[in-house]
Amino acid sequence: MSGDTLIWSVIGALALATYVIRYSFIGLIGDRKLPPALAEGLSFVPVTVLPALVAPAVFSDADGAFALDAAQLLAAGTTVGVGIWLRSILPALIAGSGVYLSLAFAL
Amino acid sequence: MPVLPAVAPFGFIFGTLAMETGFDPVQTLAMAALVIAGASQLAALQLIHDGAPFLVIVATAAAVNMRMAMYSASLAPEWRGTGHGWRAVGAFFLHDQAYGLSISRYRSRPAESPGDRLGFFFGTVATTCTVWMIATALGIAVGQGLPEEWGLHFFVPLAFLALVGPMIRGWPELAGALTAVAVAVGLTGLPYRSGLFVATAAGIAAGITCRRAACRRERSAR
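Note that the protein sequences, when read in sequence, are chains P and G.
Residue 0 is where the first sequence starts when you use numbering that gives the first Met the number 0, and the numbers rise one by one after that.
Residue 0 is where the second sequence starts when you use numbering that gives the first Met the number 0, and the numbers rise one by one after that.
I should point out that these hints are in silico values taken from the structure, not numbers from a laboratory.
Think of the CB as a built atom: it goes at the ideal place given N, C-alpha and C, for glycine as much as any other residue.
Any given hint could be a false lead.
[What the hints assert, rightly or not] The following label-pair restraints were derived from C-beta to C-beta distances:
id, chain 1, residue 1, chain 2, residue 2, range
1, P, 89, G, 170, 38 to 48 Å
2, P, 3, G, 213, 44 to 54 Å
3, G, 126, P, 5, 28 to 38 Å
4, G, 54, P, 37, 18 to 28 Å
5, P, 61, G, 144, 45 to 55 Å
6, G, 88, P, 97, 38 to 48 Å
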């Protein structure tokens, strides 16, 4: 698929899939609860898929080869650590960005 | 509104990075307006940038939104008895911040009618979605002007990780996250980014195992 076709296809398909997920229980299933095993599995999806998605970028250099980059690793650790500590998104992002920018400029 | 600071930066980052990924302004605004889920939109951008195939992009980004099935299940009884059309429209706008604000309000007012509950939800999303679209438009307009050496590309991973921290409420979530990272790094380079799915599944399994072990310890301690 070429660039524009791919972009519009992704927008359409993702919008549709996301609506089906949002509508699922509100519209179709009514008052029934999620099966407990499924609910437990789903509860772990965000904390596993998001770190897995970005991990290769954190553990690689600009060319995509495996690398332990101090600025990237410390910034990532700071972001997660501050997020766990303060339970808040924005301070975590600001702290992690601050670490990254100061180290990237210093080194 | 305390959640607006959490909506605006993601709209701005999405607007900026979508343009950098090769979206035009119409595509960027269309995605923000139709998907209304920042993390999945950033996930799609990352995978488009990586050259992943269409199905992998959509499946991964949709998986990021699977948590909304839980929100849907949680809100369904609160809106019981309101018109089906209004609930169907409400579902379109359901996102993290609107869910969080609504459910905490519903918990604090048990006697409120389902109609008033749905009304509060619409009032909430009118605000958050307006801020979301303005922030996305700002990202489109001025994001490109930011200096390259600020290392903007590394803000995508950081933005995702900033979402993850507050969701880690105990050892099971931490075990799941660390397992997913280890497997994802180990499997980098598999075709179609299939390592992502294996890593997520391994992380979920580790999290559930850890939670069961923790529950057993609590019971035997009593």
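Quick rundown of the hints versus the structure:
Restraint check, residue 89/P to residue 170/G: a C-beta distance of roughly 25 Å breaks the suggested window 38 to 48 Å. Under the hint 44 to 54 Å, the C-beta atoms of residue 3/P and residue 213/G, about 49 Å apart, fit the expected range. Between residue 126/G and residue 5/P the C-beta distance comes to about 33 Å, which sits within the given range of 28 to 38 Å. The hinted range of 18 to 28 Å is satisfied by residue 54/G and residue 37/P, whose Cβ atoms lie roughly 23 Å apart.
Between residue 61/P and residue 144/G the CB atoms are about 22 Å apart, so this pair departs from the stated range of 45 to 55 Å. Between residue 88/G and residue 97/P, the C-beta spacing of about 41 Å keeps the proposed range 38 to 48 Å intact.
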